[in-house]
Amino acid sequence: MSDYIIQLNNISKVFEDGFVALDNLNLSIKKNEFLTLLGPSGCGKTTTLRIIGGFEMPTEGEIVFQGQKINDLPPHKRKVNTVFQKYALFTHLNVFDNVAFGLKISKTPKNEIKERVREMLNLVNLQGFEKRQVESLSGGQQQRVAIARALVNRPEVLLLDEPLGALDLKMRKDMQIELKKMQEKLGITFIYVTHDQEEALSMSDSIVILNEGIVQQIDTPINIYNEPKNAFVADFIGESNIIDGTMLQDKLVHFCNKDIPCIDTGFAKNEKVDVVIRPEDIDIKNLSDAQWTGKVTSVIFKGVHYDITVESSDGFVWLLQNTDRQYEGDTIGMSVDPDDIHIMKKVIDL
Amino acid sequence: MRRWLSYPYLVWMIMFITVPLLLIVFYAFTKQTDGGIVFSLDHFRQILDPLYLKVFLRSFKIAFISMLICLLIGYPVALFLSSKDFSQKSTYLMLIVIPMWMNFLLRTYAWLTLLENNGIFNKLLEFLGFGKVQFLYSEGAVILGTVYNFLPFMILPIYSVMVKIDESVISAAQDLGANSFQVLLKVMIPLSLPGVISGITMVFMPAVSTFVISRLLGGGQFALIGNIIEQQFLLTGNWGFGSALSFVLMVLVIISMFFMNANERNGKESML
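Same order as they appear, the protein sequences are chains D and E.
Just so you know, we're using this note's numbering here: the first sequence kicks off at 3 and counts up by one.
Just so you know, we're using this note's numbering here: the second sequence kicks off at 792 and counts up by one.
Worth flagging that the hints you see were computed from the coordinates, not collected in a lab.
You can take every hint at face value.
Here are the simulated distance ranges between beta carbons:
| id | chain 1 | residue 1 | chain 2 | residue 2 | range |
| --- | --- | --- | --- | --- | --- |
| 1 | E | Phe-1049 | D | Gln-129 | 36 to 42 Å |
| 2 | D | Ser-14 | E | Ser-874 | 23 to 29 Å |
| 3 | E | Ser-874 | D | Ser-138 | 28 to 34 Å |
Calculated cross-link-like contacts (lysine-lysine; reagent style DSBU-like; alpha-carbon spacing at most 35 Å):
| id | chain 1 | residue 1 | chain 2 | residue 2 |
| --- | --- | --- | --- | --- |
| 4 | D | Lys-260 | D | Lys-304 |
| 5 | E | Lys-955 | D | Lys-88 |
| 6 | D | Lys-183 | D | Lys-33 |
| 7 | E | Lys-955 | D | Lys-175 |
Partial pick of chain E residues on the chain D-facing surface, computed with a CB cut under 8 Å:
| id | residue |
| --- | --- |
| 8 | Ser-959 |
| 9 | Val-960 |
| 10 | Gln-965 |
| 11 | Gly-968 |
| 12 | Val-978 |
| 13 | Pro-981 |
Heads up, the beta-carbon is just placed ideally off N, CA and C, and yes, glycines get one too.
Build the full structure now, drawing on both the sequences and the hints.
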C-alpha cells in the first residue's frame, strides 16, 4: 500500500467542444493532507475536483483511490464528499434533514443519526438550528450546513469547491481558520479549490498551481512563495516585478542596464531569463548607494504598507512595497539583495 | 401608485365576473311563483335526485382518472425534457405545445373521425384481421379526449419548475450516496411538487366541467355535469336549476382545490 490516498495518473480531460480542461495531470495526495488546487478561472481546478468526485469522466488517465482504480465508480459509491460552490442545500428540507441526508441514505440507525447530526452541528457552531429552514439562514450559516452535511458521513476525503467564495472578507477569514482547525481535528484529507492565493497560502499543507490545464508547481506554501518555479507562479502568487534579463555567468545577471549579483547557477551563458523580484524585497537607498534610481510615479496607502511605483531611467516600472512613505515626483534609489533575486527559465510561448 | 392602471380590468371584472356570479347565485336560490320571485331551495333539492348525483360522481371520476393519466404520462416527460444533457429540448417542447394552437373543437372532432366505426383505427383492426371495436361513445373515449386535450397543461407547469432546480443539488444528493432512484424520490419529486400541484389544478378544473368532449366522444350515454348544465340553459330553459348545478360544481371544485393546497402545505411541513 502506498501512503497516498488519491492518485491521479496522466489525467486528461477534453470537453465535447474541444476545450482542453486538463492536460496530462499527475497528482498524488497524502492521507490527512490539506491540498489546495489554485489557479485562475478556467485553469482546470474545478474539473479536477469533479473528476475525483465522479461527476466528470477523464478522457484519459486513471483515478486511484486507496490503491484501487475507481474510474468507473459512480459518485454515490465513492467515499468522498463534496462541499459545493453555491452550497447546493436541499431547500425542501430543514437544517437537521439536510445534514442527516447522507446518513438516512446509508440506513444509519435513527438514534445514531440524531447523535451524529447534533455533534456535527456543534462542530460548525449551529447548535439549536435543527428546525430552521435553510433559506432563512445567512450565507455563512448555509455554508456551515453544507460543510456539516458532507462531514457527517465521515468521508475519507472532503472536496471543497471554492466554498468561501460567496462570503464577505471578514467571514471568509473566520471560516478559513475554522476549516483549518476542523481538518486538523478530524484528520480528514481536504482537497480545496480556490482562486484566492492568500487563502491557499494560509490554509494548505501543499498547493498545486494550475494554468490552462497544466500543473505549474506542486509545493508547500512557503516554497511556492519563496521559490516560484516560473514567472506565471511568481506573478500569480503575490505580486512580483518580472523583468527580462540575461544570465552572464553563474551568480551574475544583467537586467535594467546593470550587472547584478545573484545566487542562481546552472544557466547557459547569455541565456535569456525572467528575473522575479518581490515588491517587499526592494530596499530604498540613498541615491549614491543604490543599484538603480527612479522617479516615484504613484503612492497608494494599503494599511500596513504603501504600494509605490517607480519608473527607472530605462523605462521599467517597478512596484515597491514599503512601510515608509515616499512622495510622488521624488527621485529615489533602489537595491535588492542577491538572495532576493529569483532567476527563472523563460516559459516558451507557443 | 398607479392604481388607475387597474381600472379597465376592474370594470371588466365587475361586468363579466362579479355580476354573472351574483346572477348565478340569485337564480340558484330563487324561484318564480305567482306571487313573484321568492327564496327557495327547490333547485338544490332536485340535485339530490340519484340521477344527478350519479352525473356529478361520473364527472369527478372521469376528471380524476384523466388527471391521473396526465400525471403519469406528463411527469416522466417533464423529467426527461428538463435533464441537462438533452439538447433537442426546444423541438420537443414545440411538439407538445403545437396541438394547443389548434382549435379545441377541431382537435376533438379529429378524434371523432379517428375513432368512429369506419375510422382509421377500425380500418386498421379490420385489415389486421380483428373485428371492429366500438371505440366511440364510451367512458374510455371521453377519458382519451380529455387526456389528449389537457396533457400539455400538466407537462408545462411541471417542466417549468424542474428546469429551475439547480443541477448542483442533484450532484449533492449523488455525492451523499443517493442512487438515481433515491435522487428522484428524495430530491426531484419534493422539489417539483409545486409544479405538480399547479399541473393537477390546470387539468382537473377544466376536465371536471367539460361538456364538448363528453358530447362529441361520449354521445348521450356519458353526459357529464357540464352537459346537464348546458341542457338546462339551452334546451330546457330552466335557468334556476342550471345555476344551482353550476353553484354546486363550483363549491365542489373549490373544496377539492382547498384540500389539494392543504395537502401541499402539510406535505411541505412534514418534509421540512
